[in-house]
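Just need the whole structure built from these sequences, with the hints factored in.
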Amino acid sequence: MELTAPVNKIIPFSLVDGPGSRCSVFLQGCNIACAYCHNPETQNLCLGCGLCVDQCPAGALSRRDGHVRWDKDACVQCDTCIHVCPHKASPKIERLTPDEVFEIVHSYQPFIRGITVSGGECMLHPEWMRALFALCRKAGLGTLIDSNGCVPFTQHDELLDVTDGVMLDVKAWDDEVFRHLTGHGNDTVKENLAHLARRDKIEELRIVVVPGWNDPEATIMGIADVLGDKVRTTTLKLIKFRHFGVVGELAGSPSPSDEHMAELEGLARTSGFEDVQIR
Amino acid sequence: MSEFMDIITASNLTYGQKLIHLAQAAENAEHPIPTTPEYDWFFERDAICDMHEGNAPYRPRYICCDMERFARQGSDFLRLDAPDNLDDLLMNLQILYQNVPSVTGRPVYVGQLDRVFDPFLDGLSDEEILPKFKRFLNYIDRTVASGYCHANLGPEDTRAGRLLLQADAEVQNAVPNFTLKYDPEVTPDDFARLALKTSMACANPAYANDRLLRDTYPLAANGPKDAYTVVSCYNVLPVRGGAYCLDRVKLSQLADLATSVDHFMNELLPNATGALLEYMDARIKFLVEDSNFFQTSFLVREGLIERERFVGMFGMIGMHECIEKLMGPGHVYGTDPEANDLADEIMTKMCEQVLAWDAPYSEAGGGKYMMHAQAGFGDQMSSTPGVRIRVGSEPEVFWDHIRHCARMHRFFTAGVSDIFPVEPTAANNLDALLDVVKGAFAVDDKYLSFYPSDSDLVRITGFLVKRSEMEKFARGEAVLADTSHDGEGNWRANDLADRKVRLG
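So the protein sequences, as listed, match chains A and B.
Letter by letter, the first sequence follows residues 1 to 279 in the numbering used here.
Letter by letter, the second sequence follows residues 280 to 783 in the numbering used here.
In short, the hints are calculated from the structure, not lab data.
Among the hints, erroneous ones may be present.
Just a sample of chain B residues kept apart from chain A, beta carbon distances all over 12 Å, derived [unchecked claim]: (1) 359; (2) 702; (3) 712.
Under the rule of at most 27 Å between Cα atoms (straight-line distance), these lysine-lysine pairs were calculated in the DSSO-like manner [to be verified]: (4) A:237 - B:476; (5) A:9 - B:779; (6) B:476 - A:240; (7) B:717 - B:476; (8) B:717 - A:138; (9) B:504 - B:411; (10) A:72 - B:779.
Negatives, chain A to chain B, calculated, CB over 12 Å [claimed, not checked]: (11) 15; (12) 33; (13) 139; (14) 151; (15) 162.
Beta carbons are placed, not taken as given, at the ideal position from N, Cα and C, and that holds for glycine.
Written as C-alpha cells, this is what we have:
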C-alpha cells in the first residue's frame with residue numbers, strides 16, 4: 001500500500017515553527033493527551049461514528065462504508081464537526097503521500113526556507129517523514145520535526161539523517177507529574193533528549209509553564225544535566241500557558257505571572273542556558 | 280465665496296498650507312498648455328488625469344538633486360562652503376532643502392543619506408552622531424512636513440545607514456520615507472535584519488529590488504554610483520535629475536465608457552493613451568522652453584541637476600476596477616486567471632504604445648516616457664492604486680499575492696509598489712520577513728513595504744501618515760503635515776484599515 005499520513009492542515013507560512021519563513025504541516029493523531037492541549041481536535045483519528053454528519057450546515061460530510069467522507073470544496077470551515085466530536089478528532093483529514101505534500105510545499109518556494117512537521121504527533125509517521133524530508137532536502141528546503149518526544153528517536157536515525165533538527169517539547173521532569181499531565185510516562189522523552197543532543201539535532205527545547213500542573217524548575221535543571229556542555233548552545237523557550245483552545249480541566253485556568261516566568265528565566269541562565277526566550 | 284477666499288478663511292489649514300493652496304489657485308488661473316479635443320473629452324470623463332499638477336508648470340514635479348556632489352562642493356548661490364564636518368554638512372543640507380521645489384513646493388528627495396553622511400563620520404562616536412541624526416530627521420519631518428518626501432539607503436551596509444535606521448526607529452516620524460535598495464548579493468543579512476526591525480518599529484524603510492532597478496537609467500558623469508533613486512510614492516527616477524511630470528490614464532473610469540472589451544482594447548485604450556502622450560509633450564515643452572526653470576535655477580548651474588536627466592512619467596491607475604467593469608463580477612482581478620490575463624494584455628498594449636512614442640527632452644529615458652503604476656493620493660474613490668489588487672480581494676495565500684504583484688511589476692520602469700500590513704509578532708522572527716523579501720525579489724517583484732498592523736504610522740498609497748494625525752484632521756483641526764489630508768480621505772475611501780494582514 002502506498003505510504004500516506006493523515007494531514008490535518010498545511011499552513012503556507014508560519015512565524016513560530018522554527019527559524020525564518022516556514023511551511024508547517026500538521027498531522028492528525030497523537031500518542032499522548034496533554035491536559036493543556038491547544039489543538040485537542042488533532043489528538044485522535046476519526047472513528048467513523050458519523051455524529052458530525054447531520055450537524056454540518058454545509059452538507060460537506062457524508063457517511064459511507066463506515067467512514068465519514070469530507071467534501072473539501074463544499075466545506076465552509078465553520079468547525080462545527082470539530083466542536084461536536086466527542087472523540088477529539090476531525091473528519092477534515094486528507095491522507096496524503098510524501099510526494100503530494102512535497103508538491104504543495106515546493107510550490108511555496110522561494111518564499112520559505114523550510115518545512116516543519118508537527119501534529120498531533122508527527123513521529124507516529126517516521127517513514128513517511130523520511131520520504132518527505134528526502135524530497136525537501138533535494139529541493140533545498142530545510143526540515144524540522146516538532147515532537148513531544150514520546151516515540152524513540154534512537155530507532156529512527158535514518159530519519160534524523162535528513163532532519164535539520166527537532167523542536168522538542170519537554171513537558172515535565174518527574175514521571176508522576178508527566179503522567180498526570182499527559183497520561184504517559186516520560187522515560188522516552190529523556191532518552192530522546194540525550195540522543196538528540198548527541199546527534200546535534202536539537203533545534204529548540206520548550207517547556208509550557210502551567211501553574212500547579214508541571215515542574216518547570218526540575219525540568220530546567222534536569223535538561224541542563226542531560227545536555228552537559230551543550231546547554232550553552234541550546235535554545236530554550238519558556239512558554240506561558242494560555243487557555244485559548246484548551247478543553248477539559250484546564251480550560252479557563254490562569255497563566256503564570258510575569259514574575260514567575262522571570263524567575264524561571266533566571267534559573268535557566270544559572271543552569272547554563274544562554275539563549276532563553278519567554279513566549 | 281471665491282476659491283481664493285475659501286482658502287484664506289479655512290479653519291483646518293495652517294498658514295503654510297494656505298500659502299501653497301493660494302499659489303496653486305493662482306497658477307490654475309492661467310492656461311498656457313494647449314489641449315486637444317480628444318484630451319478634453321477623456322479629461323471631462325475623468326478617464327485621464329493631470330494629477331492636479333497645476334496648469335502652468337514652473338518647476339518639475341520631482342527633483343532628485345545629486346546630494347553627494349552637494350556634500351563635496353557646497354553652493355556658490357547659497358554661499359555655503361564645502362562642509363568639512365558633520366555639523367556643517369547637516370546645516371548645508373537643511374539650507375538646500377529650503378531651496379528645492381517640487382509639485383508640492385517642498386523637496387520630495389533629501390538624498391541617499393547613508394552615502395552622503397558616511398564620509399563625515401570619522402572621529403565621531405555613535406553616541407555623538409545619533410542625537411545629530413535625530414535632530415536632522417526631526418527637522419525634515421517638521422519643516423518639509425510632506426509624506427511624499429523620501430530618503431534612500433543601501434544596498435551596501437554602512438555605519439551611517441545603521442545609525443540612520445536606529446535614529447528613525449527612535450523618532451517615529453512620518454517624514455521622510457526611507458527606501459532600502461536591497462540586493463541579497465550585496466546587502467548583508469545582518470544589515471537587512473536591522474532594516475526589517477526598523478520597519479516593524481516605524482514602517483520604514485520600504486524595499487527596492489536593486490538588481491532589477493539599478494540599470495533603469497544611465498549613470499551621471501562623475502556622479503553617484505547608482506543612476507537611480509526612489510522618491511515620493513515609489514517613483515524610480517534618475518538621480519541628478521527627476522521627473523518633469525506624472526499624468527495618468529484612469530483605467531477604472533475609462534472602462535465605464537466601454538461598450539465591449541474590444542471597444543475598450545481597440546478604441547478607448549489607444550485613444551486615451553495617445554491623448555495623454557500628446558498632452559505630456561505639451562506640458563514638458565512648456566516647462567523646458569517657456570518656464571525658464573532650467574535656464575535659471577542654481578541647481579542646474581551648480582550641477583546638482585541636469586535637464587537631460589529628467590523624464591516624464593506615464594501613469595495608470597485602477598486596473599482592478601477596470602477588469603471588474605469589463606468582465607463582470609465573476610472574474611476577480613488578482614485571483615481569476617482570465618482576469619489576470621486581460622490585465623496583462625491591457626498593460627502590454629499600453630506599454631507598446633507608450634514605448635513607440637518619441638518623448639521630447641527625455642535623454643535619460645532613452646527618448647521615451649517611463650511607465651509608472653500610480654498609487655493615488657487623496658480621496659480616490661473607486662480606483663485601486665496602479666495594478667494592485669483591491670482591499671478585500673487579496674489572494675488567501677500571501678505567496679500567490681506576491682507572485683501576482685511580480686507578474687504585473689514587469690511593465691513598470693518608473694515605479695510600482697505594494698503595501699502589506701503584517702502581524703506585529705513578525706518582529707520576533709526577522710528572518711521570516713527577510714525570507715519574504717528575498718523570495719519576492721527572486722521572483723522579480725520590484726518593490727514592497729511592510730508596516731505592523733497595529734502601528735500608528737501607516738502607509739496610504741505609499742506615503743506615510745500617522746493615524747492619530749488623520750483623526751485630528753477628520754475632527755476639523757489643522758495638522759502640520761498636509762499628507763494627513765490626502766491620507767484621511769484615502770484611508771476611508773479605500774478601506775485601507777481592512778488590508779489583509781499578512782504573516783499571521
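Status of each hint after checking the structure:
1. 359: Given that every Cβ of chain A is farther than 12 Å from that of residue 359 of chain B, nearest at about 47 Å, it holds.
2. 702: 7 Å, violated
3. 712: The claim is violated: residue 712 of chain B sits with its nearest Cβ about 8 Å from chain A, within 12 Å.
4. A:237 - B:476: At roughly 21 Å apart (the allowed maximum being 27 Å), residue 476 of chain B and residue 237 of chain A satisfy the hint.
5. A:9 - B:779: Given pair residue 9 of chain A, residue 779 of chain B holds - Cα atoms ~21 Å apart, limit 27 Å.
6. B:476 - A:240: 24 Å, holds
7. B:717 - B:476: Answer holds: residue 717 of chain B to residue 476 of chain B is near 16 Å, not above 27 Å.
8. B:717 - A:138: 20 Å, holds
9. B:504 - B:411: Status holds; Cα separation ~26 Å.
10. A:72 - B:779: 24 Å, holds
11. 15: Not fine: 5 Å to the nearest Cβ puts residue 15 of chain A too close to chain B.
12. 33: 28 Å, holds
13. 139: 14 Å, holds
14. 151: 28 Å, holds
15. 162: 21 Å, holds
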